[in-house]
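Q: Respectively, the protein sequence lines represent chains A and B. In terms of this note's numbering, the first sequence opens at residue 1 and continues consecutively. In terms of this note's numbering, the second sequence opens at residue 1 and continues consecutively.
Hints listed in this document are in silico derivations from the structure and should not be mistaken for laboratory results. Quick caveat: nothing in here was measured; it's all calculated off a predicted structure. Treat the hints with care, since some could be wrong.
Which copy is meant is left open, so a pair is good if it fits within one copy or across any two.
Claimed, not checked - Listed below are the simulated DSS-like cross-link pairs for lysine-lysine, each with C-alpha atoms no more than 25 Å apart in a straight line:
hint: 1; residue 1: LYS47; residue 2: LYS411
hint: 2; residue 1: LYS376; residue 2: LYS37
hint: 3; residue 1: LYS51; residue 2: LYS440
Number of protein chains: 2
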Amino acid sequence: MRRIYVSNTNSRQYRNKPDLSDFFEPKAIAIIGSFRKGFFGGYVVVKSLLKAGYSGRIYPINPAYTATQGLKVYPSIAAVQQDIDLAIIMINAQGVPSIIRECGNKGIRAIILVSDGFAERSNEGARLQNEIVTLSRQLGIRIIGPNTAGIVNTSNGLNPCPYDAGYYRLQQGSIAICSQTGMTNPQAFPFPHLHLGISNICDFGNKCDVDECDVLEYLEGDPRTNVISMYLEGISDSQRFLSISKRVAPKKPILVLKSGITPEGARASASHTGAIAADDRLFQAMCRQAGVIRLESFEEVFEIPKIFATQPLPKGNRLGIITYTGAIAVLALDEGAHYGLIPANLTAETVDLLNGIFPGLGTVPVDIGPMSVVVKNLADLYPQIIEAVILDENVDALLNIMWADHSGLTKEMCLKTYKQLKICHTKPVATWLYGPDTGKVAELAENLEDLRFPVFSDLKTSIKALGLAYKYVQINKESLL
Amino acid sequence: MRRIYVSNTNSRQYRNKPDLSDFFEPKAIAIIGSFRKGFFGGYVVVKSLLKAGYSGRIYPINPAYTATQGLKVYPSIAAVQQDIDLAIIMINAQGVPSIIRECGNKGIRAIILVSDGFAERSNEGARLQNEIVTLSRQLGIRIIGPNTAGIVNTSNGLNPCPYDAGYYRLQQGSIAICSQTGMTNPQAFPFPHLHLGISNICDFGNKCDVDECDVLEYLEGDPRTNVISMYLEGISDSQRFLSISKRVAPKKPILVLKSGITPEGARASASHTGAIAADDRLFQAMCRQAGVIRLESFEEVFEIPKIFATQPLPKGNRLGIITYTGAIAVLALDEGAHYGLIPANLTAETVDLLNGIFPGLGTVPVDIGPMSVVVKNLADLYPQIIEAVILDENVDALLNIMWADHSGLTKEMCLKTYKQLKICHTKPVATWLYGPDTGKVAELAENLEDLRFPVFSDLKTSIKALGLAYKYVQINKESLL
Numbered sequence: 001m002r003r004i005y006v007s008n009t010n011s012r013q014y015r016n017k018p019d020l021s022d023f024f025e026p027k028a029i030a031i032i033g034s035f036r037k038g039f040f041g042g043y044v045v046v047k048s049l050l051k052a053g054y055s056g057r058i059y060p061i062n063p064a065y066t067a068t069q070g071l072k073v074y075p076s077i078a079a080v081q082q083d084i085d086l087a088i089i090m091i092n093a094q095g096v097p098s099i100i101r102e103c104g105n106k107g108i109r110a111i112i113l114v115s116d117g118f119a120e121r122s123n124e125g126a127r128l129q130n131e132i133v134t135l136s137r138q139l140g141i142r143i144i145g146p147n148t149a150g151i152v153n154t155s156n157g158l159n160p161c162p163y164d165a166g167y168y169r170l171q172q173g174s175i176a177i178c179s180q181t182g183m184t185n186p187q188a189f190p191f192p193h194l195h196l197g198i199s200n201i202c203d204f205g206n207k208c209d210v211d212e213c214d215v216l217e218y219l220e221g222d223p224r225t226n227v228i229s230m231y232l233e234g235i236s237d238s239q240r241f242l243s244i245s246k247r248v249a250p251k252k253p254i255l256v257l258k259s260g261i262t263p264e265g266a267r268a269s270a271s272h273t274g275a276i277a278a279d280d281r282l283f284q285a286m287c288r289q290a291g292v293i294r295l296e297s298f299e300e301v302f303e304i305p306k307i308f309a310t311q312p313l314p315k316g317n318r319l320g321i322i323t324y325t326g327a328i329a330v331l332a333l334d335e336g337a338h339y340g341l342i343p344a345n346l347t348a349e350t351v352d353l354l355n356g357i358f359p360g361l362g363t364v365p366v367d368i369g370p371m372s373v374v375v376k377n378l379a380d381l382y383p384q385i386i387e388a389v390i391l392d393e394n395v396d397a398l399l400n401i402m403w404a405d406h407s408g409l410t411k412e413m414c415l416k417t418y419k420q421l422k423i424c425h426t427k428p429v430a431t432w433l434y435g436p437d438t439g440k441v442a443e444l445a446e447n448l449e450d451l452r453f454p455v456f457s458d459l460k461t462s463i464k465a466l467g468l469a470y471k472y473v474q475i476n477k478e479s480l481l
Numbered sequence: 001m002r003r004i005y006v007s008n009t010n011s012r013q014y015r016n017k018p019d020l021s022d023f024f025e026p027k028a029i030a031i032i033g034s035f036r037k038g039f040f041g042g043y044v045v046v047k048s049l050l051k052a053g054y055s056g057r058i059y060p061i062n063p064a065y066t067a068t069q070g071l072k073v074y075p076s077i078a079a080v081q082q083d084i085d086l087a088i089i090m091i092n093a094q095g096v097p098s099i100i101r102e103c104g105n106k107g108i109r110a111i112i113l114v115s116d117g118f119a120e121r122s123n124e125g126a127r128l129q130n131e132i133v134t135l136s137r138q139l140g141i142r143i144i145g146p147n148t149a150g151i152v153n154t155s156n157g158l159n160p161c162p163y164d165a166g167y168y169r170l171q172q173g174s175i176a177i178c179s180q181t182g183m184t185n186p187q188a189f190p191f192p193h194l195h196l197g198i199s200n201i202c203d204f205g206n207k208c209d210v211d212e213c214d215v216l217e218y219l220e221g222d223p224r225t226n227v228i229s230m231y232l233e234g235i236s237d238s239q240r241f242l243s244i245s246k247r248v249a250p251k252k253p254i255l256v257l258k259s260g261i262t263p264e265g266a267r268a269s270a271s272h273t274g275a276i277a278a279d280d281r282l283f284q285a286m287c288r289q290a291g292v293i294r295l296e297s298f299e300e301v302f303e304i305p306k307i308f309a310t311q312p313l314p315k316g317n318r319l320g321i322i323t324y325t326g327a328i329a330v331l332a333l334d335e336g337a338h339y340g341l342i343p344a345n346l347t348a349e350t351v352d353l354l355n356g357i358f359p360g361l362g363t364v365p366v367d368i369g370p371m372s373v374v375v376k377n378l379a380d381l382y383p384q385i386i387e388a389v390i391l392d393e394n395v396d397a398l399l400n401i402m403w404a405d406h407s408g409l410t411k412e413m414c415l416k417t418y419k420q421l422k423i424c425h426t427k428p429v430a431t432w433l434y435g436p437d438t439g440k441v442a443e444l445a446e447n448l449e450d451l452r453f454p455v456f457s458d459l460k461t462s463i464k465a466l467g468l469a470y471k472y473v474q475i476n477k478e479s480l481l
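Next comes chain A alone, as it looks inside the complex (with noise of 0.2 Å):
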């Protein structure tokens, strides 16, 4: 394979850098913003936290405060006697420096800078950003930010989101998010919906200093970090996360989506981060070189990871299909193909005993509608077919649709099948559900993701999730021999 050297835009001197254990586990946090009561501050930050169960002591800064919550609000930095581990600043911009300042006096060397009005403001922002980027470097100090929704660390309750979410403690989990933007913190995706849970969240912002980098090191250390799933409008640093991709990727899948792809996406995020958009192609080359697996859409950010994080990687690409529907296996089908997934030639044995349990249904896709309204015992029958098809020695992978009928009838059989099939379970199971009640058919996803088989929000997205998982077993054929 050509190698792809991407000019280095970013070179940085600074680097004997502390990690970032400071910002995802510490056992002191600083909050330096209005304790008012709102959707939005100080005031949230605590709220999350004392909500999300942080372990760790938390001091709110503010001179024109003396309590919140029922914590001590202290008038300055320098006024807590005890050590600090992290600040979460989100104060104007223009105050932000003496409050680095004040940082770095404390001794504190990780900051998560909430304020924004920095280089994706304007000029004079820029001008500032620079400034706070030379003044904690001098000081020792990280940051995160500026224009940043945070992190999150659900090992140990550390939900500091400055905007209220409604909710605090998020499920644990093996997927960690990483974003340059808040729309993949609490108050903006609903991650209790997403039943799989995670291990971080972080949203870079403008990336004056910690940047993907960074955290996918972190996150390489991180026992808990499965699978990394990435939102980027530019990479710092090409050669370095090139270097640590191809290290980090054969042990933990990295997905990436990039935006600013195109000349009017690479515009808008240069006013947004304040990001140079790189050559697509570059970044297409780069990511082929390091193994990373680059996504389409959004929703792709939360939905790709669960087949990484709950099911074994496949063998091959022989797809199993089971379906009440043929119309939804044909679409299957087109969309496998993208990904180099064929129909599983089911064995004569499987064929056989398909045949036995209903003429025509030994074939891939498997179609039990025919069935599903003559049968009597489709309850019994039901975890046999399955079984059938995933034990086949033909198929790698399985691709479940299944009707979520309003009377729940299907719910009971479709429990009692993944709690069997979780017996059998060494390939991946993806699942789609579809059905006339948008509740029953997302009560019985929840279900079946407590269970640990992934459900996807639509058909294209279930079977990409499989081809995905193919493609990246491709990838590292030989570390995974």
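On the provided structure of chain A, position chain B as indicated by the hints.
A: Same frame as chain A, but now just chain B:
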């Protein structure tokens, strides 16, 4: 443009047909099936018709029953004294020919054949299908199906759904959905969730007789239908499809999702409805010539028509974007570029007005994120902002990206704004909502769709809807002038 001639694989002699009004506007329906209480069959058809408020007469037919749901069950079709316009047949395939003869004797000229086990099942089934086609032509009977979930007409309560969907009345609207699968019928898709209303639904099933061309011609003359969305596995008569589409599409947009476009999908399609997949390039050329817009996913069959059903067409490709978040606008512009949409250059007047409201606001994407956490009177300013953008002479269409916050504050502002928007509503508006609470997002979406502003389920589809509306305008430039 080069004309494409596609071979006519299904040239029929039988053209002295009645139109489809007996199917969609029957005054009396016979239902031949089982009336055992359950989730499928004649019992459900009667239940659904009664609950949907069907205004015509209903004649259940089965010698084994005397009454169902307050209606007399007749032992045979001949036992009914009054005229019957439509028969819905759901008995074993083998018994179908003799029932068709009875229908013929009674003067019935329209049959919905729900029964399966025909060409989609086996060679024997294909032989039987040929037999009933010959028979029905001799008798002057038209057939929808076999292997169909039937039809819906919302104007007369005609919802003879053979599976119990749990709801029966569908909101009236101008979107017709026609499909070679029951996946677009009420038991599979949650129509109450599609808040914008339907005129007709038709599942062609195996298309042994009535096909997409017949239904297109019916919908052409149906004053309630303004947009036609289709799922097809094959085209019965390419020449006829081309000529009808060319005539209908400039008046009523025709959207088509075609499956079986890969060898894998095509093989599965052959066993699903017995369709022979045409070469996709030929189909694509035919669509281009006919002005038919192709869809790419199953969900789009329901989503894309919403923009055509409710919004004025865009006069050009200059896209205004208002957003709470820069990242999503960048992704939207990337996506819009695929459809030739470009970010609008706001007039100097609008720029001044917006920058007067908040510094830096006066550029597309109009990012209200930074001001939203600073200003106190966003609810007053937001309607001004959206009005300024949509009235700008340099803006042809608007994508509005709204954060549905968990407190509901945004909802109030949003509803107020959209009510005002209706007054100056001469350009298409697509909306995408996001937020931390899926229930609140869904509720706000319903509220906006009640005001006839479509809300799309994901970002890509929001922008694609506007993109395809622009494409439609380009295709039909001459006739729309």
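Q: Determine for every hint whether it applies to the structure shown.
A: Hints, one by one, checked against the model:
In this assembly of identical chains, the alpha carbons of LYS47 and LYS411 lie at most 25 Å apart only when taken from different copies (23 Å versus 38 Å within one copy). In this homomeric assembly, LYS376 and LYS37 come within 25 Å of each other (Cα to Cα) only across copies, at 14 Å, whereas the closest approach inside a single copy is 59 Å. In the homo-oligomer, the alpha carbons of LYS51 and LYS440 lie at most 25 Å apart only across protomers (21 Å), although the nearest pairing inside one protomer, at 30 Å, exceeds that limit.
When the structure is compared with the earlier hints, no violation turns up for any of them.
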